[in-house]
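If you want the building blocks of each chain, they are given just below.
2 protein chains.
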Amino acid sequence: MKSFEFHLKTKVFFGKGEENRTGEIIKQFGINRVVIHYGLGSVVKSGLLDRVKKSLDKVGIHHAELGGAKPNPEIGLVRELLQLARTEKAELILAIGGGSAIDSAKLAAASYYHDGDPLDIPYRKHKPTKGLPTGVILTIAAAGSEMSNSAVVTEPDTKTKVGFNSPLNQPLFAIMNPELTYTVSPYQTAIGIVDMMMHTLERYFVPSDKLELADRFAESILKAIMEAAPVALAQPDDYDARSTLMIASSWAHNGLTSIGKPVQMPVHMMEHVVSGLYPEVPHGAGLAVLFPAWCLFYYQYDVAKFNQFARNVMDVHLNDPKENAREGILKLKRFFASLGMPLTLTALGIPNPDIDWMVDKLTNGGTRVVDHFVKPLDREAAKAIYASCR
Amino acid sequence: MKSFEFHLKTKVFFGKGEENRTGEIIKQFGINRVVIHYGLGSVVKSGLLDRVKKSLDKVGIHHAELGGAKPNPEIGLVRELLQLARTEKAELILAIGGGSAIDSAKLAAASYYHDGDPLDIPYRKHKPTKGLPTGVILTIAAAGSEMSNSAVVTEPDTKTKVGFNSPLNQPLFAIMNPELTYTVSPYQTAIGIVDMMMHTLERYFVPSDKLELADRFAESILKAIMEAAPVALAQPDDYDARSTLMIASSWAHNGLTSIGKPVQMPVHMMEHVVSGLYPEVPHGAGLAVLFPAWCLFYYQYDVAKFNQFARNVMDVHLNDPKENAREGILKLKRFFASLGMPLTLTALGIPNPDIDWMVDKLTNGGTRVVDHFVKPLDREAAKAIYASCR
Numbered sequence: 001m002k003s004f005e006f007h008l009k010t011k012v013f014f015g016k017g018e019e020n021r022t023g024e025i026i027k028q029f030g031i032n033r034v035v036i037h038y039g040l041g042s043v044v045k046s047g048l049l050d051r052v053k054k055s056l057d058k059v060g061i062h063h064a065e066l067g068g069a070k071p072n073p074e075i076g077l078v079r080e081l082l083q084l085a086r087t088e089k090a091e092l093i094l095a096i097g098g099g100s101a102i103d104s105a106k107l108a109a110a111s112y113y114h115d116g117d118p119l120d121i122p123y124r125k126h127k128p129t130k131g132l133p134t135g136v137i138l139t140i141a142a143a144g145s146e147m148s149n150s151a152v153v154t155e156p157d158t159k160t161k162v163g164f165n166s167p168l169n170q171p172l173f174a175i176m177n178p179e180l181t182y183t184v185s186p187y188q189t190a191i192g193i194v195d196m197m198m199h200t201l202e203r204y205f206v207p208s209d210k211l212e213l214a215d216r217f218a219e220s221i222l223k224a225i226m227e228a229a230p231v232a233l234a235q236p237d238d239y240d241a242r243s244t245l246m247i248a249s250s251w252a253h254n255g256l257t258s259i260g261k262p263v264q265m266p267v268h269m270m271e272h273v274v275s276g277l278y279p280e281v282p283h284g285a286g287l288a289v290l291f292p293a294w295c296l297f298y299y300q301y302d303v304a305k306f307n308q309f310a311r312n313v314m315d316v317h318l319n320d321p322k323e324n325a326r327e328g329i330l331k332l333k334r335f336f337a338s339l340g341m342p343l344t345l346t347a348l349g350i351p352n353p354d355i356d357w358m359v360d361k362l363t364n365g366g367t368r369v370v371d372h373f374v375k376p377l378d379r380e381a382a383k384a385i386y387a388s389c390r
Numbered sequence: 001m002k003s004f005e006f007h008l009k010t011k012v013f014f015g016k017g018e019e020n021r022t023g024e025i026i027k028q029f030g031i032n033r034v035v036i037h038y039g040l041g042s043v044v045k046s047g048l049l050d051r052v053k054k055s056l057d058k059v060g061i062h063h064a065e066l067g068g069a070k071p072n073p074e075i076g077l078v079r080e081l082l083q084l085a086r087t088e089k090a091e092l093i094l095a096i097g098g099g100s101a102i103d104s105a106k107l108a109a110a111s112y113y114h115d116g117d118p119l120d121i122p123y124r125k126h127k128p129t130k131g132l133p134t135g136v137i138l139t140i141a142a143a144g145s146e147m148s149n150s151a152v153v154t155e156p157d158t159k160t161k162v163g164f165n166s167p168l169n170q171p172l173f174a175i176m177n178p179e180l181t182y183t184v185s186p187y188q189t190a191i192g193i194v195d196m197m198m199h200t201l202e203r204y205f206v207p208s209d210k211l212e213l214a215d216r217f218a219e220s221i222l223k224a225i226m227e228a229a230p231v232a233l234a235q236p237d238d239y240d241a242r243s244t245l246m247i248a249s250s251w252a253h254n255g256l257t258s259i260g261k262p263v264q265m266p267v268h269m270m271e272h273v274v275s276g277l278y279p280e281v282p283h284g285a286g287l288a289v290l291f292p293a294w295c296l297f298y299y300q301y302d303v304a305k306f307n308q309f310a311r312n313v314m315d316v317h318l319n320d321p322k323e324n325a326r327e328g329i330l331k332l333k334r335f336f337a338s339l340g341m342p343l344t345l346t347a348l349g350i351p352n353p354d355i356d357w358m359v360d361k362l363t364n365g366g367t368r369v370v371d372h373f374v375k376p377l378d379r380e381a382a383k384a385i386y387a388s389c390r
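Quick note, the sequences are listed as chains A and B, same order.
If you're matching positions, the first sequence starts at 1 in our numbering and goes up one per residue.
If you're matching positions, the second sequence starts at 1 in our numbering and goes up one per residue.
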């Protein structure tokens with residue numbers, strides 16, 4: 001068991017209609033001026049934005065807004081959002097949406113008191129010690145950014161996805177109404193399911209001396225997601241299934257499943273390279289392609305853990321541990337397929353992947369080893385895994 | 001799934017030697033004056049108190065102290081602690097110990113800005129909206145008070161244990177070093193194990209429409225405790241087992257296992273009556289006697305949930321659901337016995353329990369029904385359960 005600090009700062013307001021209390025909730029924190037950030041289309045069309053603004057007006061909270069958040073949020077929009085927050089003297093940036101809107105809001109908020117460019121923060125040129133708080137109205141269960149301390153943005157010139165972790169990144173509050181996710185398409189729902197599973201799986205497969213309580217929490221989350229997933233896909237307005245997915249997405253990424261364990265996210269790093277180069281690739285879909293390939297490469301080096309995963313999560317019970325471990329991975333792959341996920345780079349829309357470029361990017365020209373506690377993810381390993389995804 | 005708010009305010013510092021950073025940790029929160037509250041003996045004898053004071057001195061934090069916390073903390077000591085905190089102009093009350101020291105600290109802290117008696121708060125005559133913050137250095141894994149929003153004290157004149165829940169009760173920080181629990185006796189360790197299991201079990205058996213993620217978290221905690229318990233008893237300095245118990249005790253009572261569910265604690269209420277009347281009864285031991293009896297009375301009204309408990313937690317797999325449910329309860333009872341817990345009121349040192357008094361106290365003379373969602377815990381039910389414990 002590793003020493004750790006744990007601090008979940010985000011206050012969660014969960015349930016039907018909670019978004020209509022946004023103004024009242026923000027007032028609780030003594031905040032009077034906000035800038036709203038959201039994505040394209042649905043937040044406006046569904047009337048959600050209007051309802052939120054009405055709720056703010058009701059308690060006299062001043063607000064301005066900026067839309068346009070897209071998957072794999074770009075730094076340009078963050079700069080615009082930061083400018084607006086300063087002009088408006090905002091006391092909070094309120095993101096309505098999923099990971100993209102939230103992550104842009106986080107970086108703009110963390111940059112508020114920094115004189116230089118927001119990119120200085122993910123590039124480690126500046127470490128912020130204060131920032132504006134953020135708040136979230138969640139509309140898709142996926143990224144878990146609503147309770148996490150991390151944020152990721154894309155720098156389009158160099159095709160680089162960069163992230164940074166900071167306690168500043170934990171939102172002040174997250175308003176979660178599962179009904180808001182009823183209209184999320186089956187494909188987007190599936191991508192979200194992969195995303196939240198992956199936040200859990202990557203933490204789970206960081207080896208621990210023994211089965212930690214954190215690993216049991218991870219198994220709980222994975223089983224709950226896999227039970228709720230087909231229900232939510234078949235019946236998009238099933239409140240309980242949507243609720244389970246929403247809670248699972250947040251708790252998968254808020255630190256619960258890495259209590260007492262080291263954290264690393266090698267497959268996320270591999271995927272960020274892919275969706276940095278091919279920005280039209282949704283993060284979750286990229287993960288669905290890469291993760292089984294990563295497992296099939298690595299399971300031989302940690303048969304016990306992969307076998308435990310097969311037994312406790314995938315309900316596979318063959319006698320031979322190694323065979324069982326492999327069958328568990330294949331069953332997970334079939335589960336991803338059942339969600340309609342692509343299983344190859346070709347199916348992801350990348351028939352001719354530039355694997356050498358990706359390996360170079362991941363390993364920084366061969367100079368960086370993306371750590372794995374069992375076997376280092378070096379140039380050769382990366383190449384083998386990317387190549388096996390074609 | 002029920003609507004809910006969730007806010008875990010307590011910052012956790014977990015690991016070997018963390019208590020030596022107490023001063024530095026408190027400084028992080030901008031606090032310069034503290035009153036320390038602790039129990040009898042071991043905190044002083046072990047040198048822990050001295051080490052903490054040295055750590056405070058090192059960063060110039062002013063401190064005063066009051067010892068004497070006992071199991072089932074009494075209101076007199078709370079009044080004394082409150083007085084000291086005011087005299088010393090404390091900015092934080094630091095509890096060193098377990099539930100007793102922490103709960104006294106919580107009530108004194110919540111009373112700080114109240115002109116009347118601290119008892120006004122648990123008796124609902126005064127609802128505090130601000131108080132002093134509290135901090136914790138945990139020395140026993142049991143009560144879970146270090147992250148919870150609840151506190152319980154005893155009013156010796158009327159032999160009443162009264163509690164109150166408030167966000168104010170959540171400590172500002174909890175310093176947890178499992179090594180500090182190495183010297184906890186096997187009996188006290190066992191009592192703590194029952195206590196943390198009971199915080200989980202009571203929430204688990206509040207019926208839910210379906211298996212909630214919260215219930216899966218509960219199962220995870222219970223399994224982890226039952227795995228770590230015999231190790232910690234056989235090998236008191238097993239760091240991993242002590243770590244698991246410490247984390248389990250906190251997470252069992254911090255709200256994780258009641259996300260989206262109603263909360264009620266009927267067996268805690270039954271036990272508070274017992275240890276109110278017989279203050280020498282340790283809370284955990286009382287629970288070990290009462291809970292199996294409560295289960296054996298109630299399982300027929302919710303066979304599905306008790307059967308699930310038998311399968312998922314106790315690993316009992318008989319074909320007949322009702323028989324399986326019963327066998328799961330009996331296996332839990334055997335587990336409590338294996339910890340050295342008493343299984344009857346007689347074994348608890350109460351050979352002639354005043355059952356009518358207890359029933360009257362619990363039901364307020366028959367006027368109050370301690371709710372159970374399946375079958376009300378009324379006078380008759382209470383009498384049957386208490387009587388079956390003799």
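Please note that the accuracy of each hint is not assured.
You can't tell identical chains apart in this list, so a pair holds if it fits in one copy or across any two.
Claimed, not checked - Subject to a maximum C-alpha distance of 35 Å in a straight line, what follows is the list of computed DSBU-like cross-link-like pairs (lysine-lysine):
{"#": "1", "residue 1": "K45", "residue 2": "K2"}
{"#": "2", "residue 1": "K210", "residue 2": "K333"}
{"#": "3", "residue 1": "K331", "residue 2": "K127"}
{"#": "4", "residue 1": "K261", "residue 2": "K9"}
{"#": "5", "residue 1": "K223", "residue 2": "K333"}
{"#": "6", "residue 1": "K54", "residue 2": "K2"}
{"#": "7", "residue 1": "K27", "residue 2": "K261"}
{"#": "8", "residue 1": "K331", "residue 2": "K2"}
{"#": "9", "residue 1": "K54", "residue 2": "K305"}
{"#": "10", "residue 1": "K27", "residue 2": "K54"}
{"#": "11", "residue 1": "K130", "residue 2": "K305"}
{"#": "12", "residue 1": "K383", "residue 2": "K322"}
{"#": "13", "residue 1": "K223", "residue 2": "K383"}
{"#": "14", "residue 1": "K58", "residue 2": "K127"}
{"#": "15", "residue 1": "K45", "residue 2": "K261"}
{"#": "16", "residue 1": "K130", "residue 2": "K58"}
No lab work stands behind these hints: they were computed from the structure.
Going down the list of hints, with the structure as the test:
1. K45 with K2: between (48 Å within a copy, 28 Å between copies)
2. K210 with K333: Intra 26 Å, inter 27 Å, cutoff 35 Å: intra and inter.
3. K331 with K127: neither (43 Å within a copy, 54 Å between copies)
4. K261 with K9: Both. Shortest intra-copy (20 Å) and inter-copy (22 Å) distances satisfy the 35 Å Cα cut-off.
5. K223 with K333: both (15 Å within a copy, 28 Å between copies)
6. K54 with K2: between (47 Å within a copy, 26 Å between copies)
7. K27 with K261: For K27 and K261, the Cα distance is within 35 Å only across copies (27 Å; inside one copy 37 Å).
8. K331 with K2: Both: 31 Å inside a chain and 33 Å across chains, each within 35 Å.
9. K54 with K305: neither (51 Å within a copy, 43 Å between copies)
10. K27 with K54: For K27 and K54, only the intra-copy Cα distance (14 Å) is at most 35 Å; the inter-copy one is 42 Å.
11. K130 with K305: neither (40 Å within a copy, 48 Å between copies)
12. K383 with K322: within (24 Å within a copy, 55 Å between copies)
13. K223 with K383: Classified as within: same-chain Cα gap 31 Å, cross-chain 40 Å, threshold 35 Å.
14. K58 with K127: between (37 Å within a copy, 28 Å between copies)
15. K45 with K261: Answer is between; shortest inter-copy Cα gap is 33 Å, intra-copy 43 Å.
16. K130 with K58: both (30 Å within a copy, 27 Å between copies)
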